[in-house]
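If you're matching them up, the sequences are chains H and L in order. Sequential numbering of the first sequence, starting at 1, is according to UniProt numbering. Sequential numbering of the second sequence, starting at 1, is according to UniProt numbering.
A portion of the hints provided could be inaccurate.
As the list claims (entries may be wrong) - Below, computed lysine to any residue pairings styled on SDA-like, alpha-carbon distance capped at 20 Å: (1) H:K24 / L:M26; (2) L:K84 / L:E38; (3) H:K58 / L:R201; (4) H:K129 / L:P98; (5) H:K24 / L:E23; (6) H:K129 / L:R109; (7) H:K87 / H:K129; (8) H:K41 / H:A95; (9) H:K41 / H:N91; (10) L:K14 / H:K87; (11) H:K129 / L:I32; (12) L:K58 / H:G148; (13) L:K81 / L:P131; (14) H:K14 / H:F124; (15) H:K129 / L:Q141; (16) L:K24 / H:K129; (17) L:K41 / L:F137.
Keep in mind that the hints were calculated from the coordinates and are not lab data.
Protein chains: 2
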Amino acid sequence: MNAQTCLQILRDIKDVSFASVDEKGMPHNRIIDVMLVEDHKLYFCTARGKDFYNQITKNPHIAITGLNRDFQMVRLHGTVKQLKEQKVWINRIFAANPVMNDVYPGDSRYILEPFVVDNGQIEFFDLSKHPIQRQSFRLDQEVLQEHGFFITDSCIGCGTCQRNCPQQCIQAGTPFVIEQDHCLHCGLCYENCPVQAIVRRGE
Amino acid sequence: MNAQTCLQILRDIKDVSFASVDEKGMPHNRIIDVMLVEDHKLYFCTARGKDFYNQITKNPHIAITGLNRDFQMVRLHGTVKQLKEQKVWINRIFAANPVMNDVYPGDSRYILEPFVVDNGQIEFFDLSKHPIQRQSFRLDQEVLQEHGFFITDSCIGCGTCQRNCPQQCIQAGTPFVIEQDHCLHCGLCYENCPVQAIVRRGE
Chain H
1 MNAQTCLQIL RDIKDVSFAS VDEKGMPHNR IIDVMLVEDH KLYFCTARGK DFYNQITKNP
61 HIAITGLNRD FQMVRLHGTV KQLKEQKVWI NRIFAANPVM NDVYPGDSRY ILEPFVVDNG
121 QIEFFDLSKH PIQRQSFRLD QEVLQEHGFF ITDSCIGCGT CQRNCPQQCI QAGTPFVIEQ
181 DHCLHCGLCY ENCPVQAIVR RGE
Chain L
1 MNAQTCLQIL RDIKDVSFAS VDEKGMPHNR IIDVMLVEDH KLYFCTARGK DFYNQITKNP
61 HIAITGLNRD FQMVRLHGTV KQLKEQKVWI NRIFAANPVM NDVYPGDSRY ILEPFVVDNG
121 QIEFFDLSKH PIQRQSFRLD QEVLQEHGFF ITDSCIGCGT CQRNCPQQCI QAGTPFVIEQ
181 DHCLHCGLCY ENCPVQAIVR RGE
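In isolation and in its complexed conformation, chain H is listed as follows (with noise of 0.2 Å):
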């Protein structure tokens, strides 16, 4: 598994869900098509008569999300970028999906405009492995940032966390240490440590 295998994940699921903010940072949901995957970049387009359009050309944070038949789950938090020769790009979005020709007839494909995120944060799950199994990866060259749960060396051994896991992730040892790509980052051993030897990181 890497970043651009999730890409072909959403571009695979097609119909991927993709959040934005408006003005008053409120968030808004829609299913979009991903048009084209391509060397780490991720492409699609929207109208310009949309709340979507007007929503990421104000504010181009968004967060898309999938999952596959197999119960694998994607997530991909970045910005967007809208691509300056609008109808070189819709023509090749159109070739790749003539379906769209049903819904934009003609030159009406025109009102379309084309985005691509080449940035960001991917969240990689697999839900149909028993631990599950999650990844992270870049679509940039910017660091990973580290999320969840952490113990540290004010562990006691005493295997609470051990106990209460409910993925069985949690190896002894000293200290004990929580297996990351299993991780389903629910706090129950964060909760239940009776030293506070675990730590939280990331948001």
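Mind docking chain L on chain H? Use the hints.
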């Protein structure tokens, strides 16, 4: 179609996407299970250790969306309320969704907190129809927010909008009229009206 039917579509899809906004104003999006739908209310849960829990307990505005295999899309924008009788609701949720025991066995289920959405606006789209069909509903007693494009009395009856409409959903008249139930909100009519007789309402 009505509000309850739309909630039932989300329950039938089950794995739908929930967008929230964090303290920095950034959008987040992930797949969450719709656990129960009853009497114009939608129930879900999440673990106290998750960023999602952190976000919605600080900012209850969320946007939910899902698309079923018949290409019916539902969007729900509202606010969440945390339910006080935590164990009662989590037990009800697990009874209705026994597969949850695989992820949170035994008492680990009580790291989850129950939430309800009983307010907000729903947008329904049937993308399998041509022209597409859309309808709006409220989950509460608030006034439906009108969105989209409307032709005013400034219309000169030239028919430019009707010729441009990709969904052919503009009827001739004095003034011409956009069939709101079939409109994509693409904005082509609005951009091309020679006398700016078309207005945009909503956001």
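Each hint, compared with the structure:
A hinted pair counts as satisfied when its Cα atoms are at most 20 Å apart, and H:K24 with L:M26 qualifies at roughly 12 Å. For the hint linking L:K84 to L:E38, the alpha-carbon distance of about 18 Å falls within 20 Å, and the restraint holds. Between H:K58 and L:R201 the CA atoms are separated by roughly 18 Å; this keeps the pair inside 20 Å, and the hint holds. With a C-alpha separation of about 17 Å, the suggested pair H:K129 and L:P98 falls inside the 20 Å cut-off, and the hint holds.
A threshold of 20 Å between alpha carbons decides the hint, and for H:K24 with L:E23 the separation of about 14 Å falls inside it, so the pair holds. A distance of roughly 19 Å separates the Cα atoms of H:K129 and L:R109; the hinted pair therefore holds under the 20 Å criterion. Restraint check: the Cα-Cα separation between H:K87 and H:K129 comes to about 43 Å, which exceeds 20 Å; the hinted pair is violated. Annotation: proposed proximity of H:K41 to H:A95 holds, straight-line Cα distance about 18 Å (limit 20 Å).
Of the supplied pair hints, the one linking H:K41 and H:N91 holds, its CA atoms being roughly 17 Å apart against a limit of 20 Å. Proximity of L:K14 to H:K87 is assessed by CA-CA distance (about 38 Å); at most 20 Å being required, the pair is judged violated. Under the criterion of a C-alpha separation no larger than 20 Å, the hint pairing H:K129 with L:I32 is consistent with the structure, at around 17 Å. Using a Cα cut-off of 20 Å, the hinted pair L:K58 and H:G148 holds, with the two alpha carbons roughly 19 Å apart.
Note on L:K81 and L:P131: the hinted pairing is violated, with a Cα-Cα distance of about 37 Å set against a maximum of 20 Å. Between H:K14 and H:F124 the alpha-carbon distance is near 16 Å, which keeps this suggested pair within the 20 Å criterion. Restraint check: the Cα-Cα separation between H:K129 and L:Q141 comes to about 43 Å, which exceeds 20 Å; the hinted pair is violated. At roughly 33 Å between alpha-carbon atoms, L:K24 and H:K129 are farther apart than 20 Å, so this suggested pair is violated.
Simply put, L:K41 and L:F137 have alpha-carbon atoms about 13 Å apart, close enough for the 20 Å limit, and the pair holds.
Violated hints for the displayed structure, listed by number in ascending order: 7, 10, 13, 15 and 16.
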